[in-house]
Amino acid sequence: MNFFAVRAIYMFELARSRRTLLQSIAAPVISTSLYFIVFGSAIGGRMTTIDGVSYGAFIVPGLIMLTLLTESVSNASFGIYLPRFTGTIYELLSAPVSVFEVLLGYVGAAATKSIILGVIILGTARIFVPFDIVHPVWTGIFLVLISVTFSLFGFILGVWADGFEKLQVVPLMILSPLTFLGGTFYSIDMLPPPWRTIVLFNPVVYLVNGFRWAFYGIADVTVAVSLGLTAIFMIVCLGVIAWIFKTGYRLRG
Amino acid sequence: MDPIVVVSNLDKIYASGHHALKSINLEIRRGEIFALLGPNGAGKTTLIGVICGLVRPTAGSVTADGSDIASDYRAARAKIGLVPQELATDMFSKVWDTVSFSRGLFGKAPNPAHIERILRELSLWDKKDSQIVALSGGMKRRVLIAKALAHEPRILFLDEPTAGVDVELRRDMWAMVRRLREQGVTIILTTHYIEEAEEMADRIGVINKGEIVVVEEKQALMRKLGQTTVTIGLKQPLRTSPSDFGERPMTLSEDGLTLSFTFTGEGGEEDGGVADLVKRLAAKGVDFKTINMNRSSLEDIFVDLVGERS
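First to last, the protein sequences are chains A and B. According to the numbering used here, the stretch in the first sequence is residues 1 to 253, in order. According to the numbering used here, the stretch in the second sequence is residues 254 to 563, in order.
Everything labelled a hint here was simulated from the structure, so no lab data went into it. Keep in mind it's a predicted model, so treat the numbers as computed, not measured. A portion of the hints provided could be inaccurate.
Claimed, not checked - With a straight-line Cα cutoff of 20 Å, these simulated EDC-like cross-link-like pairs (lysine to aspartate or glutamate) come out:
#1 Lys-275/B <-> Asp-264/B
#2 Lys-246/A <-> Asp-325/B
#3 Lys-246/A <-> Glu-464/B
#4 Lys-246/A <-> Asp-321/B
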């Protein structure tokens, strides 16, 4: 195990975020706060409770999930795409490091950032709306599991992308819509009948509901399914990454 | 002699179908400076890429200091340092950080004293807290060299190290290469400046169209393939070439005032050479006013070998 290499990559990636503190931490916190002000305080005050949870509190898990997904993917994808773009990847490819060590460094750093961000947003939310977490341990497990899984996915995206546009497209055009339509702002029961079924094909619905269950003990779907889906997605991502390194796809000539 | 890098039957065919390396066999000796010459597209960078782990070979094997680069990549790569041709740097990192990063990446425990020594040797010490983006091209090149040396490699690859580099840096760099060799580091470099290979290298390999054309001690290469041309300016024009000069090829210019002799080998000294020639001319009563000797450079040899300028 090349411990020094893992540490070097991990610290390098965290240093990159420190250099861009405004973009990495402040921007997501500000935009999430705006959601809380608009939906939680302004509109939420006029809405009834959902399964006994105030609307302001109801949207907290979904909004944290939105940040976790988009930030994990963009952090991890950018982390590995940047050296490919600038050419500094030669050093990583010529270094005595295994796939596992590379992942530990890049994905570990990206997931760490997402988790820190999730906790900050959780704290920020608490300022705007009062709520209590029913299953704090499960909240932590979901936080870590989802950050790691989507950082793995981001890593794949960063290896696959051959331009900055592709890097932006997936978080903006796929993850954001899926999250918005995935029950962040509403319970599935609030939808008209055909949509209740259609929406079940959106994987993010299971993530948001699993996370919300950890918060308030309420969910539209079974929690085991949420965990199972996340685990499957993680295994698929790991499989793809193993394949990438085995074949050298887009990394080695 | 004990080889440190052994390349056996190495083949590389890119996905595009380009056959970049054709059954390359090459041994690099421990502690030598080896210059790899070849025109653009000859396969120099691909060969270095395979040895360093950037390019996957289609067939064949490579060992570095006894370790196979595929099955024992950790041991092999830990001993190799690479200075790439392109100026690829983490623009926003600081010099000190990026060089320390390289050391860690190659699995070595932090050693600030070593990093300081490298930065001082490369005249980067007063730039250690500068962001790389603020450095000139030459300084960036120094940073890349510092990164490659951070983990104390035993084998150093320099891919076109002096391309677009100013005179001062080039001089510094060669001084450093010599210093490294004294410390027992094996150095493999590619260059477009043949006179540099001529000055620096112990052995020279020429690669063309994916094949090794020749690998030879520099002196032996010069001796074997070099030529010396002696041009003699005559006082009186000759109508025909003088006879009795053995097998030596000789030409007389049209105006009959210039005689040219060609010696193969480094100086033509072995067989009495120029001195013998002059005596014979004098004995024949051929009077002359100038003698000009012109040794073929490595560049001429190279051109003969690959049929084009590098």
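Each hint tested on the structure:
1. Lys-275/B <-> Asp-264/B: holds (5 Å)
2. Lys-246/A <-> Asp-325/B: Holds. Lys-246/A to Asp-325/B sits at ~15 Å (cutoff 20 Å).
3. Lys-246/A <-> Glu-464/B: Outside the cut-off at roughly 28 Å; violated.
4. Lys-246/A <-> Asp-321/B: Given pair Lys-246/A, Asp-321/B holds - Cα atoms ~17 Å apart, limit 20 Å.
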